[in-house]
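Asks: Sequence:
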Amino acid sequence: MANCIICHLGIIKDLDKYEACPNGHLVHYECLKEWLVHSSTCPLCQEKYADSVITKFKSFLEEREKEQNEIRKNELEQESIKQMEIVANQVAFLKFLETIENLIEIEEYEYALSRLEMHDEYPITNPKGQQILFLKGKINFLRGRFDLAINFLFKLVKTKFDFPDAFLLLGKSYEALGLKDKAQWAFERVK
Numbered sequence: 137m138a139n140c141i142i143c144h145l146g147i148i149k150d151l152d153k154y155e156a157c158p159n160g161h162l163v164h165y166e167c168l169k170e171w172l173v174h175s176s177t178c179p180l181c182q183e184k185y186a187d188s189v190i191t192k193f194k195s196f197l198e199e200r201e202k203e204q205n206e207i208r209k210n211e212l213e214q215e216s217i218k219q220m221e222i223v224a225n226q227v228a229f230l231k232f233l234e235t236i237e238n239l240i241e242i243e244e245y246e247y248a249l250s251r252l253e254m255h256d257e258y259p260i261t262n263p264k265g266q267q268i269l270f271l272k273g274k275i276n277f278l279r280g281r282f283d284l285a286i287n288f289l290f291k292l293v294k295t296k297f298d299f300p301d302a303f304l305l306l307g308k309s310y311e312a313l314g315l316k317d318k319a320q321w322a323f324e325r326v327k
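Note that the sequence shown covers residues 137 to 327 in the working numbering.
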């Protein structure tokens, strides 16, 4: 009794269905069927199986290829949907920022702040969270709440040191409170 070179179980010649490579290495029919999905050569000697052997599995291999193509197609569709969601979220956020800027222009500071509070889910390490923090600082600066402006803007510049607009407003807020040395420090960091 010989052993299958794939699963290493015994092959009973009159009972089991099996095939052999050109060098006589035996393999169960079902084991070979799965093996041919990945390679058309013998797993032991790397000799290519005869076309007559491979033809026996043609319909199975075509069906498996069809399944794999369907899986790849579904994965590509899912990736495409994720990319569209990312773009849609970015567009929605930019539209939101535009709305906040419009509210600032018409001096609806309280309403703008309340809208910003609804979007506090972004961490300060996220660019969206940084933009929200900057707008909170800007609004508080414009409404004369320099202490709150300093609070928001300083949190921002501690995390994102290259935010010149934040340093500018931070410097002006310090200046408005009469803190000339701190204002100078902030102004020096405006690029």
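Hint data in this document are derived by calculation from the structure and do not stem from the laboratory.
The structure displayed is predicted, hence computed values, not measured ones.
Warning: the hint list may mix true and false statements.
Computed beta-carbon distance windows for the label pairs [what the hints assert, rightly or not]:
1) L233 - E199: 17 to 25 Å
2) N159 - Q204: 53 to 61 Å
3) T261 - K169: 45 to 53 Å
4) E221 - E324: 38 to 46 Å
Pairs of lysine to aspartate or glutamate residues, derived as DMTMM-like cross-links and limited to a Cα-Cα distance of at most 20 Å, are as follows [to be verified]:
5) K169 - E215
6) K291 - D256
7) K209 - E246
8) K202 - E183
9) K169 - E198
10) K231 - E246
11) K218 - E234
12) K231 - E215
13) K231 - E211
14) K184 - E203
15) K184 - E170
16) K192 - E206
17) K264 - D301
18) K291 - E324
19) K294 - E246
For each residue, glycine too, the CB sits at the ideal point set by N, CA and C.
Asks: Give a verdict on every hint.
Replies: Verification of the supplied hints:
no.: 1; hint: L233 - E199: 17 to 25 Å; verdict: violated, 51 Å
no.: 2; hint: N159 - Q204: 53 to 61 Å; verdict: violated, 29 Å
no.: 3; hint: T261 - K169: 45 to 53 Å; verdict: holds, 51 Å
no.: 4; hint: E221 - E324: 38 to 46 Å; verdict: holds, 42 Å
no.: 5; hint: K169 - E215; verdict: violated, 31 Å
no.: 6; hint: K291 - D256; verdict: holds, 14 Å
no.: 7; hint: K209 - E246; verdict: violated, 49 Å
no.: 8; hint: K202 - E183; verdict: violated, 26 Å
no.: 9; hint: K169 - E198; verdict: holds, 12 Å
no.: 10; hint: K231 - E246; verdict: holds, 19 Å
no.: 11; hint: K218 - E234; verdict: violated, 24 Å
no.: 12; hint: K231 - E215; verdict: violated, 24 Å
no.: 13; hint: K231 - E211; verdict: violated, 30 Å
no.: 14; hint: K184 - E203; verdict: violated, 24 Å
no.: 15; hint: K184 - E170; verdict: holds, 15 Å
no.: 16; hint: K192 - E206; verdict: violated, 23 Å
no.: 17; hint: K264 - D301; verdict: holds, 15 Å
no.: 18; hint: K291 - E324; verdict: holds, 18 Å
no.: 19; hint: K294 - E246; verdict: violated, 26 Å
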